[in-house]
Structure formats: C-alpha cells, structure tokens
Amino acid sequence: MAIIENIIEINHLKFRRGDRVIFKDININIPQGKITAIMGPSGSGKTTLLKMIGGQLSPEQGEVLVGGVSVAGLSRKELFAMRKKMGMLFQSGALFSEMSVFDNVAFPLTVNTDLEPSLIRDIVLMKLQAVGLRGAAGLMPSELSGGMARRVALARAIALDPEIVMYDEPFAGQDPIGMGVLVTLIKKLNQSLGHTSVIISHDIQETLSIADYIHIMADGVVVASGTAREIRESRSAEVQQFINGHPDGPVPFHYPAENFMQQLMGEKVGIDR
Amino acid sequence: MNISNKIMDGIASMGRGLLDNLAGLGRASMVLVHALFVWPQPKTSFSLVVKQLYNVGVKSLLIIVVSGLFIGMVLGLQGYTILVDFGSEQSVGQMVALSLVRELAPVVTALLFAGRAGSALTAEIGLMKATEQLASLEMIGVDPLRRIVAPRLWAGFISMPILSMIFAIVGVYGGALVSIEWLGVFSGSYWSVMQGAVDFYDDILNGVIKAVVFGFAITWIAVYQGLESVPTSEGISQSTTRTVVYSSLIILALDFVLTALMFGDV
Numbered sequence: 001m002a003i004i005e006n007i008i009e010i011n012h013l014k015f016r017r018g019d020r021v022i023f024k025d026i027n028i029n030i031p032q033g034k035i036t037a038i039m040g041p042s043g044s045g046k047t048t049l050l051k052m053i054g055g056q057l058s059p060e061q062g063e064v065l066v067g068g069v070s071v072a073g074l075s076r077k078e079l080f081a082m083r084k085k086m087g088m089l090f091q092s093g094a095l096f097s098e099m100s101v102f103d104n105v106a107f108p109l110t111v112n113t114d115l116e117p118s119l120i121r122d123i124v125l126m127k128l129q130a131v132g133l134r135g136a137a138g139l140m141p142s143e144l145s146g147g148m149a150r151r152v153a154l155a156r157a158i159a160l161d162p163e164i165v166m167y168d169e170p171f172a173g174q175d176p177i178g179m180g181v182l183v184t185l186i187k188k189l190n191q192s193l194g195h196t197s198v199i200i201s202h203d204i205q206e207t208l209s210i211a212d213y214i215h216i217m218a219d220g221v222v223v224a225s226g227t228a229r230e231i232r233e234s235r236s237a238e239v240q241q242f243i244n245g246h247p248d249g250p251v252p253f254h255y256p257a258e259n260f261m262q263q264l265m266g267e268k269v270g271i272d273r
Numbered sequence: 001m002n003i004s005n006k007i008m009d010g011i012a013s014m015g016r017g018l019l020d021n022l023a024g025l026g027r028a029s030m031v032l033v034h035a036l037f038v039w040p041q042p043k044t045s046f047s048l049v050v051k052q053l054y055n056v057g058v059k060s061l062l063i064i065v066v067s068g069l070f071i072g073m074v075l076g077l078q079g080y081t082i083l084v085d086f087g088s089e090q091s092v093g094q095m096v097a098l099s100l101v102r103e104l105a106p107v108v109t110a111l112l113f114a115g116r117a118g119s120a121l122t123a124e125i126g127l128m129k130a131t132e133q134l135a136s137l138e139m140i141g142v143d144p145l146r147r148i149v150a151p152r153l154w155a156g157f158i159s160m161p162i163l164s165m166i167f168a169i170v171g172v173y174g175g176a177l178v179s180i181e182w183l184g185v186f187s188g189s190y191w192s193v194m195q196g197a198v199d200f201y202d203d204i205l206n207g208v209i210k211a212v213v214f215g216f217a218i219t220w221i222a223v224y225q226g227l228e229s230v231p232t233s234e235g236i237s238q239s240t241t242r243t244v245v246y247s248s249l250i251i252l253a254l255d256f257v258l259t260a261l262m263f264g265d266v
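These protein sequence lines map, in sequence, to chains V and P. Just so we're aligned, residue 1 is where the first sequence starts under the numbering used here, counting upward by one. Just so we're aligned, residue 1 is where the second sequence starts under the numbering used here, counting upward by one.
Since the hints were made in silico from the structure, they are not lab data. Among the hints, a few may not be true.
Capping the alpha-carbon separation at 35 Å, the derived lysine-lysine pairs in DSBU-like fashion look like this [what the hints assert, rightly or not]:
#1 LYS14/V - LYS187/V
#2 LYS77/V - LYS51/V
#3 LYS14/V - LYS84/V
#4 LYS77/V - LYS24/V
#5 LYS51/P - LYS77/V
#6 LYS51/V - LYS187/V
#7 LYS24/V - LYS84/V
#8 LYS51/V - LYS51/P
#9 LYS84/V - LYS51/P
#10 LYS85/V - LYS6/P
#11 LYS85/V - LYS187/V
#12 LYS77/V - LYS34/V
Take a look, some chain P residues computed to stay more than 12 Å from chain V by CB distance [as the list claims (entries may be wrong)]:
#13 LEU25
#14 LEU62
#15 ILE82
#16 LEU112
#17 VAL142
#18 ILE169
#19 GLY184
#20 GLY235
#21 THR241
#22 SER248
#23 ALA253
Computed footprint of chain P on chain V; a stretch qualifies when at least three of its residues, placed anywhere within it, have a C-beta under 8 Å from a C-beta of chain P [as the list claims (entries may be wrong)]:
#24 77-84
#25 88-97
Idealized CB from N, CA, C, for every residue including glycine.
Using the sequences and the hints given, assemble the complete structure.
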C-alpha cells in the first residue's frame with residue numbers, strides 16, 4: 001500500500017439488514033499511523049463497519065477504500081492478499097482452540113510466509129514478550145483467563161507486522177487491571193510499530209484516553225467527530241447522552257410501543273392470549 | 001381473511017420456501033466448488049487431510065466394527081433359521097455376504113457415519129463460527145473453505161468406503177461365527193458358496209460406489225450445515241440435528257436410486 005494520509009476512507013456508506021437500516025450515510029476518514037476510535041451505543045453498527053473494512057461484508061451503497069482501493073471491488077484472491085496487511089483483535093479473542101498459545105501466534109507466519117522455523121520461533125517469542133505472555137507460550141487457550149486470551153490474540157494480530165490493526169471491543173468484559181494492560185498495550189504498540197489502529201468500543205474513558213480521533217455513530221450516521229477534548233466539549237445531545245451515560249435522551253429508554261394507557265385499558269392489546 | 005387470500009398466502013409461502021431452498025442449494029454448491037476445485041498446497045494440505053482422516057475415520061472405527069459384527073451375527077442367525085426349512089443352510093454364507101456387501105454395509109455404515117462423524121463435523125464448524133475462529137482465519141488471510149472445509153470433505157470421501165468395507169468384512173466374520181461355530185454349518189460350504197456367489201464388479205464394486213456417494217452426501221451436508229449454522233447454542237444444536245436427519249433421508253433415497261440403477265435390470 002502506498003503511503004497516503006488517510007489509509008481508510010469510508011464514503012457515503014449505506015447498509016441494511018433485512019428491513020433494519022444500519023447505515024444511512026456514513027463518512028469516516030482514518031489517518032495513517034494514528035489511533036482512531038469508532039464509538040456508539042450497542043446496535044449502532046460498529047462491528048458491521050469493521051467487517052466492511054475487512055471485506056467480510058459488502059456495502060449496499062457507497063464505498064470503503066483501504067489504501068485507496070475499494071474493498072468491495074476486490075476478487076476473493078485479492079481480498080485475502082489485502083487482509084494479510086491487516087490484523088484484527090476479535091471481541092472473543094477467537095484463538096484456535098486446538099493450538100497452543102505459541103502455535104496460535106505462529107499461525108499467520110507459517111501460513112503466509114516462507115520463513116525458517118527458527119526465525120518464526122524468535123518472532124513469536126518477541127510478540128509474546130511484547131504482550132507480557134512469553135511465559136504462557138506452552139499453554140492451551142482453555143487454560144488462559146479472558147484478559148490473557150485477548151493479549152495472545154493481540155500478539156497474533158500483530159504477528160505479520162500489519163499496516164492496520166483493528167480492535168473489536170478490546171476492553172469489553174475486562175477487569176480494571178486487564179483493561180489497564182490493554183489500554184497501555186494498544187498505545188505502546190501503536191507508537192512502537194507505527195501501524196494504524198482502529199478501535200471499536202463503547203468504553204468511553206479508556207478509549208478517549210488513547211484515541212487520537214474519535215467518531216461517534218448513532219442512528220445510522222456519524223453524529224460527532226474530533227479529538228477526545230472536542231468530543232468531551234461537544235454540545236450535541238446524542239454525544240452528551242453517550243459519554244455521560246444518561247439512560248434516556250435521543251437514544252430512548254423505551255423500545256417503541258403502543259400507547260401505554262391504551263394498552264392497559266385493553267383498547268389495543270399487543271400480546272396474543 | 002377469506003379463503004382465496006389464505007390460498008394465495010399459502011402459495012406465496014411455498015414459493016418463498018422453494019426459493020430459500022434453491023438459494024441454499026446454490027450456496028452449498030459454491031462451498032463445494034471453492035473448497036474442492038483449488039490447487040492443493042503441498043506444505044499443509046496433506047497433513048490436514050491426514051488429521052481429519054483420523055478424526056472422522058479412525059474415531060468411527062469402534063462403532064463400525066461393533067455394529068458390523070452384530071449385524072453379521074444377526075444375519076447368520078436369521079439366514080440359518082429361514083434356509084434350514086429348505087435344507088439350504090449351507091448357503092447362509094452367500095446370503096450374509098450379499099446382504100452386507102450390496103446393501104447393509106454401505107447403508108448402515110453411512111447412517112452410523114452421519115450420526116458419529118457428520119454431527120461432529122457440523123458441531124465443530126458451527127462452534128468455530130460462533131467463536132469467530134472462521135472470521136479470524138479470514139482476517140489472517142487464510143480461506144476457511146480451503147483450510148477447514150476442504151480437508152474435512154476429502155476425509156469424508158476417503159474414509160466412508162474404507163469404513164464400509166471394514167463393516168462388510170467384520171459382518172462376514174460375525175455371520176461365520178454364528179453359522180459355523182454355533183449353528184454347525186460346514187465351514188467349507190460357508191466360505192466356498194460365498195466365494196462362488198459374490199462377484200467383484202457387480203457386488204463389491206457397486207457396494208463401494210454406494211459408500212463413496214453416501215460419504216460425499218453426508219460430508220457435504222455436514223460441513224454446509226456447520227457453515228450456515230446460527231452462531232448460538234440453539235442454532236448449532238439445530239444444525240447438528242439437521243445434519244443427521246437430512247443425511248439419513250438422503251442416504252435412504254440415494255440407496256434406492258443407486259440400487260435401481262445397479263440391479264434394476266435383473
């Protein structure tokens with residue numbers, strides 16, 4: 001990929017799942033070498049957006065450009081070649097359950113390169129050292145805690161020194177120590193390896209503390225974009241509800257329903273008996 | 001709602017169901033094409049197939065051997081009690097062998113294979129989908145159809161005929177055990193009548209062809225159900241059940257078609 005300012009460009013993205021509109025019109029630019037966070041309430045389509053960047057889903061309209069190339073226009077072979085330049089940390093870790101920690105991290109290297117086994121061993125140990133789990137190389141995924149599994153998955157995601165690393169809810173379900181470790185790791189790895197990081201999250205404080213740019217999505221559009229400070233100072237009602245965690249606001253507490261009084265009085269009963 | 005509306009709704013719903021099934025068949029065919037018609041990678045393909053041969057083939061051996069033995073013993077016993085009335089109990093070997101080689105070995109092996117290996121394949125691939133391992137492979141730049149699906153398909157195709165032959169051989173010995181050792185049929189008659197009656201092309205080869213076709217059908221259904229499973233515990237459970245039900249029905253239907261083609265002109 002050529003060196004360009006925005007390594008990922010998302011233009012006028014529209015997408016539906018069945019009758020439900022996920023993206024009405026999404027426009028996001030992700031600059032090279034920075035940490036960009038895409039935030040939003042549950043169900044706002046954050047993971048769907050990540051899948052579109054990785055070419056696992058295709059947009060209905062609009063385009064996703066990675067390195068200036070439209071992902072949806074790539075052949076199956078080209079798509080797999082492009083993915084070798086990407087690393088992805090899945091929410092569940094997605095470690096291969098029948099392989100040891102060492103083999104999980106070595107896997108991208110053994111299938112995508114012709115490196116000597118001794119060199120692969122050294123690279124794996126370096127990646128595991130970077131996430132603090134060199135001592136766990138011989139363990140199986142079932143023997144790891146949730147936080148450790150995610151760190152191993154992170155070591156695997158950076159095994160090929162990708163240009164882009166995508167994190168799908170990296171802090172979800174982590175205890176405070178595990179969360180702190182991951183926050184520090186993501187920041188350090190971004191600085192030392194120089195890759196572009198894309199974080200999908202709704203953990204506000206952790207994400208705002210490390211992201212260079214933040215985009216907040218709600219109701220199928222980007223409602224706010226900017227640095228952490230700009231987001232905190234935003235006057236948008238959606239942004240304030242999201243970052244302060246207000247239970248009601250532009251994102252309503254109640255799921256859409258018939259008039260409560262009418263339903264209680266039996267004028268229109270929505271539940272079949 | 002009047003009756004004509006109900007009829008129209010019924011027709012529309014049948015049409016939707018038909019279209020869904022056709023779309024499913026199309027997707028299943030694409031899986032097959034993408035998984036099988038690719039250039040093998042010598043570094044990894046062979047070892048992956050060997051590993052799956054162990055999982056689907058070797059691990060099914062016990063159930064196949066035990067079932068083959070008992071079915072052969074039952075055939076020997078039943079055959080003897082029928083044939084002894086006509087004074088033809090010396091032909092029991094022929095009956096046992098032909099029943100096994102032509103029908104019971106491929107069909108029963110396939111039904112057991114669907115229950116033992118087919119369900120395991122669906123559950124394994126479904127769980128890999130639910131735990132994002134398939135998505136993770138894609139993002140590493142590895143095609144799951146080549147890495148996960150293709151070795152399992154090849155292992156199914158290869159192991160089914162071998163298991164079926166083992167079933168038939170063990171069954172023949174089970175029949176011999178009951179007929180010769182227990183019921184006193186002359187050993188020379190049991191084996192020589194069998195040898196004279198069983199034809200390599202008409203009987204053995206046709207039985208092997210049946211086993212290959214059943215193996216193909218079961219493994220295809222199993223991997224496709226795994227890939228299409230809803231990634232929840234309920235979804236995987238339903239897909240696993242569908243694998244066993246669809247495979248069993250397809251085996252029985254295909255068996256009739258193949259038998260009609262192979263022996264229908266007699």
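Which of the listed hints are not met by the structure? 10, 17
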